[in-house]
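Using the hints, position chain B with the ligands against chain A.
These protein sequence lines are chains A and B, in that order.
The numbers in the numbering used here rise by one with no breaks, and the one at position 94 of the first sequence is 94.
The numbers in the numbering used here rise by one with no breaks, and the one at position 245 of the second sequence is 1245.
Calculated directly from the structure, the hints in this document are not laboratory data.
Among these hints, one or two may not hold up.
Said to hold, decoys possible - Heads up, simulated DMTMM-like pairs for lysine to aspartate or glutamate below, C-alpha to C-alpha not over 25 Å straight-line:
| hint | chain 1 | residue 1 | chain 2 | residue 2 |
| --- | --- | --- | --- | --- |
| 1 | B | K1308 | B | E1206 |
| 2 | A | K209 | A | D219 |
| 3 | B | K1334 | A | D67 |
| 4 | B | K1334 | B | E1243 |
| 5 | A | K209 | A | D182 |
| 6 | A | K209 | A | D169 |
| 7 | B | K1334 | A | E52 |
| 8 | A | K209 | A | E5 |
| 9 | B | K1334 | A | D87 |
| 10 | A | K209 | A | E163 |
| 11 | B | K1334 | A | D65 |
| 12 | B | K1308 | B | D1085 |
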Amino acid sequence: MIRFEHVGKRYGGRFDALANIDFRIRRGEMVFLTGHSGAGKSSLLRLLMRLERPTRGRILVAGHDIDRLHTSQIPFYRRQIGVVFQDHQLLFDRNVFANVALPLQIQGVEPQEAARRVRAALDKVGLLHRERALPIELSGGEQQRIGIARAVVNKPALLLADEPTGNLDPQLSADIMRLFEDFNRIGTTIMIASHDLALIARLHHRVLKLSDGRLTGDDATVEEAS
Amino acid sequence: MSAARTPPSNQRQQGQGSRQTKPRRGARSQRTGVNSQLRAWARHHRAMALDSMRRLVRRPLGSLMTMLAIGVALILPCALWLTLDSARLLDAGLEESASLTVYLDTTMQESEAMQMASTLREHTGVAAARLVTAAEGMVEFEQALGLEDALMRLGTNPLPASIVVAPLDTSPQAVHGLSERLAEIPGIDEVRLDLAWLERLRRLAELGQRLTLALGVLFGFGVLLIVGNTIRLSVENRRQEIEVVTLIGATHAFVRRPFLYSGAWYGLGGGLLAWLLLGIGGQWLSAPVQALAQSYGAHFTVPGLDWKGSAALLVSSTLLGWLGGWVAVNRHLKEIRPR
Ligand SMILES: Nc1ncnc2c1ncn2[C@@H]1O[C@H](COP(=O)(O)OP(=O)(O)OP(=O)(O)O)[C@@H](O)[C@H]1O
Ligand SMILES: [Mg+2]
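Isolated chain A, as found in the complex:
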């Protein structure tokens, strides 16, 4: 599904945020990305979202070199990726329903079909009863779950999350991770950047460890053993 081939990313020509990153993620895998602050986790995810381009190496997604995508194809590429942000990036001028419906609106899904899928996604994150609420009226955890509902509403093949549990209490963090595992169970490939080592350790998934822009650990054995 995802393949990094000796990928390097250099900002401003001075230092390498990422250097010689080489790994492969199979379809349907769930992978954590860890590392100290500034290790390059966000940079790696931004490369995958095609927000940045690698300065060296290749990134293949479903067999295609995403650096070779034409500008006009990028939106269509991004539609196949669900993204969960640490600060959830909800739009505060519209209600929960409209926020979750946004990706479907962008893709021009018929309103009835869109409403059905939005409700299904909201139901999945347990917030169906809040569809008329404004994001500002929700707690941090609820906002994060709305962000997840928006990321999965069009059933993306790949789900990326950058610190999705960054400022949530342990109980909520565990709930959200369980949510990701549910999506993974129905076949979604998932990559989650997180510092929360204790939580990651409990979940027994593959862990990619970055330090100073290098891949220093790829603990793929845990999952295969279990």
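Coordinates of chain B with the ligands only, in the frame set by chain A:
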């Protein structure tokens, strides 16, 4: 279509997500793919037209100010154009008014004058000739000046008979040549041609046309700037929204759309205001202008926009607004990169 253009295959994902519905949905989307895309496109246009309208209405004062600025910018070129148009200075047939006035010797009898008129009619280069007898000339003169009896008191008629000659070729050189040839005919005292006046008028008309064009371009540019600046602010206000929708796969066209509609609404509103103000201004000026014209014995009505002119004004102001929106958004789409 999107599956062909994009690397990760959604098909399989859908199959994994909802095994049962996959074949049906696949068949349906193939049959009505283009159709449903078109419908989605139209739906988004409609939604954005309404949404941007709602946003304008939500800040009535600010929107009105912007529209008023656009309206004021449009009024000046429109008013100038109307004035020139009504003064016939934009008339391409201006040259048709080129004519020569041939003054006959004062000693000439009326029968001889008639003879002369028919001679001139035969003359090469003459399209038509109309005799104005001394008496007729007097009447015209009196009427033009409004001096009913004043000249009667002179007793004798000091005016000569004259013949108004319309040349075949109305170019300045030809008319000039004709006048010289006519002046040599015995019995003709003087040939007056209004070429200098005509030439001046033509220059004036050209100046007016160029001025209107220049002002039109200048103020059209002004409208672009007004709309562009307003849209720039609203792009800035909706920056987060733009970043988010870009991140989740919105095309530039999708992002641009609401702003293009805002621009078009501003333009249309400005055009309507300009149209209204022109109408009010015309009404306001019409009484004094008519009184003034009447004092010269002329009939002159203050020009107004007919339906064609009104349509042209509204369409061009709307297009200008749309274009202003386009320029503003495009400049900013480049700057706005999702974080
Ligand atoms: N746009 C940028 N321009 C210049 N340098 C950048 C840019 N983005 C990231 N960096 C640098 O690249 C390095 C990696 O940053 P990145 O955000 O990927 O780290 P991270 O692992 O996500 O850290 P954190 O856990 O704090 O979010 C950092 O040293 C950062 O300063
Ligand atoms: Mg980060």
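Do the hints match the structure? See the list:
| no. | hint | result |
| --- | --- | --- |
| 1 | B:K1308 / B:E1206 | holds (23 Å) |
| 2 | A:K209 / A:D219 | holds (8 Å) |
| 3 | B:K1334 / A:D67 | holds (19 Å) |
| 4 | B:K1334 / B:E1243 | holds (12 Å) |
| 5 | A:K209 / A:D182 | holds (24 Å) |
| 6 | A:K209 / A:D169 | holds (23 Å) |
| 7 | B:K1334 / A:E52 | holds (14 Å) |
| 8 | A:K209 / A:E5 | holds (16 Å) |
| 9 | B:K1334 / A:D87 | holds (24 Å) |
| 10 | A:K209 / A:E163 | holds (14 Å) |
| 11 | B:K1334 / A:D65 | holds (24 Å) |
| 12 | B:K1308 / B:D1085 | holds (14 Å) |
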